[in-house]
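In order, the protein sequences belong to chains A and B.
Numbers 422 to 537, taken from the numbering used here, label the letters of the first sequence in order.
Numbers -6 to 106, taken from the numbering used here, label the letters of the second sequence in order.
Don't read these hints as lab results, they were simulated from the structure.
Predicted model only: the values in this text are computed from it and were never measured.
Among the hints, erroneous ones may be present.
Each computed DSS-like pair below joins lysine-lysine, with the alpha-carbon atoms no more than 27 Å apart [unchecked claim]:
1. B:Lys64 <-> A:Lys492
2. B:Lys35 <-> A:Lys465
3. B:Lys35 <-> A:Lys436
4. A:Lys432 <-> B:Lys64
5. A:Lys483 <-> B:Lys98
6. B:Lys61 <-> B:Lys35
7. A:Lys432 <-> B:Lys98
8. A:Lys432 <-> A:Lys465
9. A:Lys499 <-> B:Lys64
10. A:Lys465 <-> B:Lys64
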Amino acid sequence: EAGVAQSPRYKIIEKRQSVAFWCNPISGHATLYWYQQILGQGPKLLIQFQNNGVVDDSQLPKDRFSAERLKGVDSTLKIQPAKLEDSAVYLCASSPLRRQGAYEQYFGPGTRLTVT
Amino acid sequence: GESVGLHLPTLSVQEGDNSIINCAYSNSASDYFIWYKQESGKGPQFIIDIRSNMDKRQGQRVTVLLNKTVKHLSLQIAATQPGDSAVYFCAENMNSGYSTLTFGKGTMLLVSP
Chain A
422 EAGVAQSPRY KIIEKRQSVA FWCNPISGHA TLYWYQQILG QGPKLLIQFQ NNGVVDDSQL
482 PKDRFSAERL KGVDSTLKIQ PAKLEDSAVY LCASSPLRRQ GAYEQYFGPG TRLTVT
Chain B
-6 GESVGLHLPT LSVQEGDNSI INCAYSNSAS DYFIWYKQES GKGPQFIIDI RSNMDKRQGQ
54 RVTVLLNKTV KHLSLQIAAT QPGDSAVYFC AENMNSGYST LTFGKGTMLL VSP
């Protein structure tokens, strides 16, 4: 089974520029997550989709971050404009939709963003 | 100890030793817990999970113990190998109705041959 795919793997931009990340989840997984992981910390959830609807975006800085999941499969996360503190690894994860209860999430390799 | 900024708690062991990594979780209503392993430059990898109606679960070389009284979770790795060197995160689902996970701060495990 193919895992979660992300691109690009690395990105360096200057502050105030824009950047977009792409994620392709595991086939058939209804739920998709975007996390931000700052060096030395655990992943922090930015946004969670169930199919193509948002179920949690409470920690997404909506003035500069946006995400979409068209057709309930691939997703893109955008930052516009970027700030120095956005330097982090952006992880995408997916999980199957179960009838009840939480289940493990499967993570992609991440995109390392450096803002200079 | 507690991690501050870039300073992760670190556990150093010898190859073949048993390792115990501890985690304090925050929400007494959490009903699902999970351990992830993260190697440098990679995404977190699932190790083992446990639901709140259990206090112990075993996998291959790994055991997770859950103590709900003190909100404590531990991961035991038997016969630790150099390939086990990584950062280990615990995460909890705060019974939100969705599979939302809240991650802890992580512990770095260093295994020397």
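Cross-check of the supplied hints:
Between Lys64 of chain B and Lys492 of chain A the CA atoms are separated by roughly 40 Å; this puts the pair beyond 27 Å, and the hint is violated. Our distance criterion of 27 Å between C-alpha atoms is met by Lys35 of chain B and Lys465 of chain A, whose separation comes to about 16 Å. Pair hint Lys35 of chain B plus Lys436 of chain A holds up; C-alpha atoms about 25 Å apart against a cutoff of 27 Å. Proposed proximity of Lys432 of chain A and Lys64 of chain B is contradicted: the alpha carbons are some 39 Å apart, above 27 Å.
For the proposed pair Lys483 of chain A and Lys98 of chain B, the alpha carbon gap of about 25 Å is at most 27 Å, so the pair holds. About 31 Å separates the Cα atoms of Lys61 of chain B and Lys35 of chain B, which puts this hinted pair outside 27 Å; it is violated. Under the criterion of a C-alpha separation no larger than 27 Å, the hint pairing Lys432 of chain A with Lys98 of chain B is consistent with the structure, at around 25 Å. A C-alpha spacing of about 20 Å is found between Lys432 of chain A and Lys465 of chain A, which places the hinted pair at or below 27 Å, so the restraint holds.
Our distance criterion of 27 Å between C-alpha atoms is broken by Lys499 of chain A and Lys64 of chain B, whose separation comes to about 37 Å. Among the hinted pairs, Lys465 of chain A with Lys64 of chain B is consistent with the structure: their alpha-carbon atoms are about 21 Å apart, no more than 27 Å.
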